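Sequences are here, hints too, so could you generate the full structure?
Order-wise, the sequence lines are chains A and B.
Residue numbering for the first sequence is 1 to 477, as defined by our numbering.
Residue numbering for the second sequence is 1 to 477, as defined by our numbering.
Read the hints as simulated data drawn from the structure, not as lab findings.
The structure displayed is predicted, hence computed values, not measured ones.
For chains that are exact copies, the list does not tell them apart, and a pair is met inside one copy or across any two.
Derived lysine-lysine pairs resembling BS3-like cross-links, with alpha carbons at most 30 Å apart: (1) 319 x 85; (2) 390 x 475; (3) 154 x 228; (4) 135 x 261.
Number of protein chains: 2
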Amino acid sequence: MRLTEPLTKRFAYGIALGVLSFQLLAQQTVVTAVTEAQKETATQLIQTALESDLGFSIVESLTTEIGPRLGGSEAEKRARDWGVKLGKSLDFDKVSIEEFTMPFWDRGHLHIELTSPYQQALYGTALGGAAPSKKNIDASVVYFRDIHALAEVKNGSLVGKIAFVDGDLLVKSQTGAGYSQANQRRRVGWQHAQRAGAKALVVRSVGSDSHRFPHSGMMSKNDDGWAKIPVIAISNPDADHLRRLHNLGKPLNISLHSESKWKGEVSSGNVILDLIGSEKPDEIVLIGGHLDSWDLGTGAVDDGAGVAITTAAAALIAKLPKRPKRTIRVVMFGAEEVGLLGAFAYAKQHKDNLSNHVVATESDFGAQTIWQLVSNVNPQATELMDEIAKVLSPLGIVRGGADIAGGGPDIIPLAQQGVPTIRLNQNGRDYFDLHHTPDDTLDKINPDELAQNVAAYAATIYMIADSDVDLKIPKTK
Amino acid sequence: MRLTEPLTKRFAYGIALGVLSFQLLAQQTVVTAVTEAQKETATQLIQTALESDLGFSIVESLTTEIGPRLGGSEAEKRARDWGVKLGKSLDFDKVSIEEFTMPFWDRGHLHIELTSPYQQALYGTALGGAAPSKKNIDASVVYFRDIHALAEVKNGSLVGKIAFVDGDLLVKSQTGAGYSQANQRRRVGWQHAQRAGAKALVVRSVGSDSHRFPHSGMMSKNDDGWAKIPVIAISNPDADHLRRLHNLGKPLNISLHSESKWKGEVSSGNVILDLIGSEKPDEIVLIGGHLDSWDLGTGAVDDGAGVAITTAAAALIAKLPKRPKRTIRVVMFGAEEVGLLGAFAYAKQHKDNLSNHVVATESDFGAQTIWQLVSNVNPQATELMDEIAKVLSPLGIVRGGADIAGGGPDIIPLAQQGVPTIRLNQNGRDYFDLHHTPDDTLDKINPDELAQNVAAYAATIYMIADSDVDLKIPKTK
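Below, the structure written as structure tokens:
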């Protein structure tokens with residue numbers, strides 16, 4: 001074995017002698033998780049990516065030429081055709097669409113206004129999965145300070161009323177901490193309002209901004225299915241307004257009419273772009289973003305950026321003189337927002353070859369710079385990850401603990417099946433200002449920050465794809 | 001004459017001997033434009049104002065308890081009643097409403113969407129004075145890069161079309177430079193589109209933000225009156241989107257239906273709160289803001305802030321042991337947004353005693369801190385202004401040139417009649433982010449910055465009201 005030879009499965013699987021040899025070598029010689037030549041190529045990819053506007057041009061094209069693209073819509077179909085055309089133009093070796101069927105929820109038209117103590121428009125939107133109002137609802141409002149207060153409501157106690165569940169602004173943070181917790185009022189608030197007999201539920205949007213935009217998003221269904229009542233998110237300033245009026249003891253009345261509803265089965269699909277590996281074409285390094293968006297904005301930050309970053313990164317690798325050893329697969333997932341439907345469809349369609357998936361990761365947390373690389377891989381492959389992080393360090397990226405890599409929403413079904421995951425964590429400070437609002441538009445993306453993402457993905461994915469290191473986590477007995 | 005006696009009209013009117021005496025005195029002695037005792041009181045007012053939340057509580061009350069208050073609306077009537085109640089509670093000596101009549105323009109409902117190259121909602125609003133669409137308009141779009149391009153359009157060349165006039169983001173600046181120029185597309189764009197036969201005009205909003213909010217605002221009428229076609233402002237991100245599609249050569253089609261229209265004569269009014277002067281009750285120091293707002297937001301920054309700042313400043317002066325010599329009048333002008341209607345009504349109703357108006361100024365440029373004091377007064381009174389600026393300097397306020405004091409929009413009719421003006425210029429950097437949008441809500445006001453405004457107004461107005469200096473500009477022959 002040459003000293004410069006990359007680690008092989010023998011080491012990765014922990015054969016005693018191999019590990020011993022490796023440990024001795026590691027102490028005495030250059031680490032060979034990534035060769036110098038590979039590092040040089042990766043560094044060159046970083047430079048190329050930073051000087052390229054390919055990533056921005058992709059998200060510009062998607063948001064401009066397709067626009068909003070709700071999962072299951074005609075627009076999402078146009079986006080798939082766009083993705084296929086893009087993949088072919090960027091010299092991917094294989095471009096395909098994997099279709100699936102899904103139930104379609106349509107937002108429809110909403111009218112909502114405060115009618116007491118006086119008339120004032122409210123800026124709201126139906127939450128995903130909500131039922132329509134059969135006719136106009138005009139009812140007095142019962143105020144709940146937060147989801148905990150609403151959760152304690154007695155069955156039948158809200159008959160004839162509209163419930164309003166307040167909450168607080170999300171704290172802006174790099175990691176998006178606090179979102180999952182705050183999101184409970186969006187996810188399950190309706191279950192409490194409905195069992196208490198409310199005519200409708202109005203929810204303070206889950207967001208860190210103070211702009212007059214509602215934040216959409218999917219609710220969770222319960223054992224009986226989806227909400228039977230309209231559920232409307234209103235903007236943070238509108239929620240502030242209701243809170244102040246409530247605190248003044250003013251009687252609140254809201255009038256609303258919502259047409260949101262389920263409309264039956266439709267088609268969606270995942271777009272698959274493959275760069276076939278030169279030595280191990282069956283081993284797949286999976287990256288991607290989701291092609292669908294909520295319909296209020298044009299899905300620039302969520303998740304046109306992720307599609308653009310990962311597609312551009314692979315496209316830059318495609319321009320190298322030689323394909324990396326393993327296959328690089330970009331998946332543009334369909335119907336993520338409405339329940340990770342493309343992700344589950346992918347996992348199902350590929351269930352027989354998931355063991356060939358070397359690693360999977362998604363870019364789906366906006367378009368700000370990446371600050372951290374985390375991984376959830378075979379401990380024997382940690383060395384490779386550490387070496388990659390060193391190559392990324394000129395981009396301001398640090399190595400994070402191995403215990404927190406989720407891979408991204410669309411990677412959940414793969415991770416559940418044991419596919420190793422990594423994540424290039426983006427700074428999410430502004431993400432929940434824009435998340436699921438009409439304001440998620442192209443102007444919010446800084447081209448230089450997007451290019452930093454492309455650079456990090458290109459270098460990382462190249463080094464993994466050209467490596468022989470096995471990332472698979474040994475099954476615990 | 002005591003050396004410490006303030007300047008009197010004798011000096012101000014430039015009697016030769018008096019001026020000579022003053023010049024000698026000014027070189028040799030303490031300047032007496034403001035006495036030390038007055039400076040002490042003014043400084044104490046500043047401290048009190050900085051520690052008080054009165055200003056914020058007023059704008060909170062107005063925006064929360066009244067909400068949006070379009071000129072001539074029932075809500076504006078409620079706001080006048082609110083103003084009267086507030087004035088009485090704050091111990092003003094005289095509180096009254098001066099009514100006037102005005103034509104009422106109602107925004108009505110708007111539906112606007114892009115229909116080619118695909119369906120996408122546009123975020124728009126009718127511009128003030130626009131006509132309704134008799135039925136739904138669905139037409140191809142002719143793109144104009146800016147108002148200059150639109151102004152060159154040939155008569156009859158837009159028959160059957162919708163014109164879209166683009167432009168650029170306003171540059172963010174302390175002074176709001178660029179607004180008047182950019183605003184031409186909002187003001188007179190319709191006149192070109194209409195003479196060319198367009199079915200409707202769509203305008204890029206005049207604003208410095210990149211959020212999905214349209215900026216409303218009044219158009220200018222021409223000799224034939226108001227626009228006969230619908231005129232719709234769309235948000236900057238929407239305008240960006242249309243520009244990109246146009247640049248790609250895509251055919252643009254817009255569908256719109258607007259109900260905006262004139263609805264006949266209604267009542268509005270100005271609310272007048274007076275602190276009667278202890279020595280010269282007929283001499284009036286006029287401050288104020290406008291009580292009406294556009295109807296999309298709650299008019300916090302435009303101009304609940306101005307109403308709050310000036311009312312709070314006068315109310316703090318009202319708590320002094322003794323009234324200043326001159327009367328301090330707070331005017332909450334009605335119907336400013338729709339054409340300075342309250343301002344012209346005030347000038348008309350008081351036309352016989354405008355010579356008693358010592359000075360007039362309005363706060364109507366948001367709620368950020370004041371950075372400059374400018375004045376347009378009798379040159380002999382410049383000394384007083386300079387002394388006031390010194391008292392304000394701990395608030396970070398500098399003295400500006402005398403050539404640029406306009407006094408504020410509602411002061412225009414008074415200035416035209418020779419009333420001297422001053423202005424405490426606010427930092428307008430964020431003003432045109434929010435101006436006339438749904439996003440003009442209470443959360444945009446920083447209470448500490450508002451208190452700085454109250455402090456500056458209280459000190460300034462106190463020193464002018466307790467002065468004997470004549471500010472009136474000598475008439476040129």
